[in-house]
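Enquirer: Going line by line, the protein sequences match chains U and D. So that you can map any letter, position 273 of the first sequence is 336 in my numbering, and since no number is skipped, the others follow by simple counting. So that you can map any letter, position 257 of the second sequence is 575 in my numbering, and since no number is skipped, the others follow by simple counting.
None of these hints come from the bench; they were simulated from the model. The reader is advised that the hints may include incorrect statements.
Straight-line Cα separation of at most 25 Å, SDA-like style, residue types lysine to any residue; simulated pairs [to be verified]:
1. Lys361(D) / Arg468(U)
2. Lys327(D) / Ile355(D)
3. Lys65(U) / Pro424(D)
Chain U regions said to be covered by chain D (calculated; three or more residues, Cβ under 8 Å) [to be verified]:
4. 405 to 419
5. 427 to 435
6. 446 to 453
7. 465 to 474
Keep in mind the model is a prediction, meaning the values are calculated, not measured. Just so it is clear, CB atoms sit at the ideal spot from N, CA and C, and this is done for glycine as well.
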Amino acid sequence: MKINWFSPLPAARTGIALYTELLIPVLQKRADLTLWTEQGEWDGRLQMEARVRQFDPQRPPWSELNQADLTFYNMGNNCQYHKGIWEVSRRHAGIVILHDVCLHHFFAGLYVNERKDHEEYRRIMAHYYGDAGRHAASQFLTHAQTIEQLAPAFPLTPLALENALGVVIHNPTSRQALTGQPPVPIVYLPLPFAPSAGRPKTTLVSRRRSEAPYRLIAFGVIGPNRRLEQFLTAWAGMPEKAAFRLRIFGDLYDTGHISAHIRNLRLEDLAKVCGYISDQDLHAELMQADLAVNLRYPTMGEASGSLLLIWEHSLPALVTQVGWYTTLQEGTVAFVRPEHESEDICSQLRAFLENPESFAEMGRRGYEALEREHTPDRYAESIVALAEPARGWAVRDGRLRMARRAGDDMRHWIAPQATEALAGNVAHAIWDLSGNMVAGKKAGG
Amino acid sequence: MRVLIATVKVPFIHGGAEVLADSLLQALQAQGHDADIVAVPYKNYPPERILDHMMACRLLDLTEAFGNSIDRLIALKFPAYLIPHPNKVLWILHQHRGAYDLWAHPQGGDLLPSPNGHIIRDAIHQADRSLIPEAKSIFTLSANVSRRLKQGCGIDSSPLYNPPANAASFHCSEPLDYLFHPSRINILKRQTLVLQALGQTRHPVRVTFAGAADSPGQQQECESLVRQLGLSGRVQFLGYVSETEKVKLYAESLGVIFPPHDEDYGYITLEAMLSSKPVLTCTDSGGPLEFLIHRQTGLAVEPSAKALAEGLDEIWADRSRARQWGLAGRKRYEELHISWEDVVSHLLA
């Protein structure tokens, strides 16, 4: 089977490039894979494992693309890496893999920041969300609202799916947000995980520290929605706060502000901002930690790669009970309700102190869930298996095209009240053509 | 019997399919049937238009005309063969080849270079597989078309041969110094391959081409190749010729060269046989191979300039053998008993 795979590629600084890197060997084992990128340069090692082709979004090589059995488009919010992918996906039907279920950042980045086409941005917002969308667009363009405020209510994701045969999501809760807009088949696949290149997979950690002080860890690209300030505030208010030490790694949205917050809360001896560290060092820190702080609110609906890394180290984690996290198997994480954030942070930390072993067991269950659900092999198997339903989706797509074509024309000359009677034959014709004979309408022998 | 022939027609184009429909109409009328032709206008670009035409055909009701029932619908071409009818018989001239055997053909495939070509292809496959079996009987123009139908859709059918138009007028005259290549000029008929072969012959073989070019570019490509290979004294492009002229050109030729890429049927082979002329074709030419017997009625050679050049040289140099093969071709045609009476009896059975 031949697969076209549109994605940013390493060394692009995006998680989706790493995700693709992770999948190349397991996909290549099962299919004849062509990687398509808009980038001028990519990690030369990729060409040892798969065919890599550069594409020009203005002149895509349709003949070559049409020779594959299935085309996948990886879509995320980074306009720089996904604008060309989106342009091709609009014209050549394929399966869109949504790495973010809300793509407002992508479209705002494209229309507002890059193309400076405010009118088009307003038009698409009005097209998908009516007057409310047009008003929200104006609010954003006049800086009356931030994109974070707008995005959840106006995700614009349907614009990325207008020519999709199907959609892959990594968060089962996204299904509801996407249903019916546009009406495409939606498949949930658990996000694949493997350790970064060069490091072997960690084995199950069976024991954790049994005495205070316990080590907390927070890491990654830490923006305001990672709730670090709120965590620090809640923790600082606990009489038992000295039983924990927190180390913070990665890119902080405002290091000075967080450091000042730590000082103001008199947590200098307990919490430390450590900055960026290598994957290898992060691995060592995760091995030494007792509990991870991996809160996220609000969420764009994405699955958390950080949590998968935490699970690889059999580490328990505090997570916000929203979005993808709510779908996790019971007992694999410790939940913090967003509306009771401070209260739940404190109660979970106390529960940890009362029974550290139950949290260690939580980490082990997380490890098992990772092994069971998130292996690249399992993911690749599921991707390749989509070829079979995709054949049906392509027929369905052809049927929809005919229906749209008929509808676009007929609405000019059929009164709405007559539509059902007159359009019936058209509907039957479309149904027959797509291989579904209508009972009682079958002609001939 | 009231019989309707359903086909599609590109306005202003009158080719082999139209001739066949007219001939079938005459044959039906000659046997006393009340017959007529319905030709659905057809335009196959951009490819999305193909879906429109499929739907349009599916919406037609040809079961009656002014209250009188139509007893039999004989459908010839895609997408006209999708028209529903309770007594439909298909005589498929060809399917939409860009969705099947010509899908990946460098020049012949119309869907592959289109952004959503794969979607249109799948829709055509689905419609063909679902709706062709509606028919009471499925015939095709040739064994080659039957093979493609089986290969592309898994549907069985029977080839039903018909004679060329004006079959009785073909005859043999004393040959002049040329081989005849009668075809529309397009990439699938391979005029350029023949020119390249002429550039490699040992003898000063001459070829007369008859037929209009499908596009000015294809004519120019041939003319440019003639200049490039220094063939101007050895080839002649006549363009469109009348039926009478064509018959004469067959009759006075040394032989007929017809090396298309996977032709559906190929009246040219039959016309050459009727004219008692040997045929030079290629091993991948499809339809002609159903009639030609290699080295008995002509030559079937590899589709290369070198192999064609050798074939041209052989016919040019050994005229006695060429004449012998031509006569054997005429005899074989007569043994095949190809007739409109036979076609009509199958289609109305």
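Enquirer: Does each hint fit the structure? Answer for all of them.
Expert: Consistency of the hints with the structure:
Distance check on the hinted pair: Lys361(D) and Arg468(U) sit about 16 Å apart at the alpha-carbon level, within 25 Å; holds. A hinted pair counts as satisfied when its Cα atoms are at most 25 Å apart, and Lys327(D) with Ile355(D) qualifies at roughly 11 Å. Of the pairs offered as hints, the one joining Lys65(U) and Pro424(D) holds, with about 19 Å between alpha carbons and a cut-off of 25 Å not exceeded. Here's how the segment 405 to 419 of chain U fares: 0 of its residues keep a CB closer than 8 Å to some CB of chain D, so the rule of at least three is not met and the hint is violated.
With a threshold of 8 Å between beta carbons, the proposed coverage of the segment 427 to 435 of chain U by chain D is violated, since 0 of its residues qualify and at least three are required. With a cut-off of 8 Å between beta carbons, the segment 446 to 453 of chain U has 0 residues touching chain D; three or more are needed, and the interface restraint is violated. For the segment 465 to 474 of chain U, the stated coverage by chain D is satisfied: 3 residues place a CB nearer than 8 Å to a CB of that chain, which reaches the threshold of 3.
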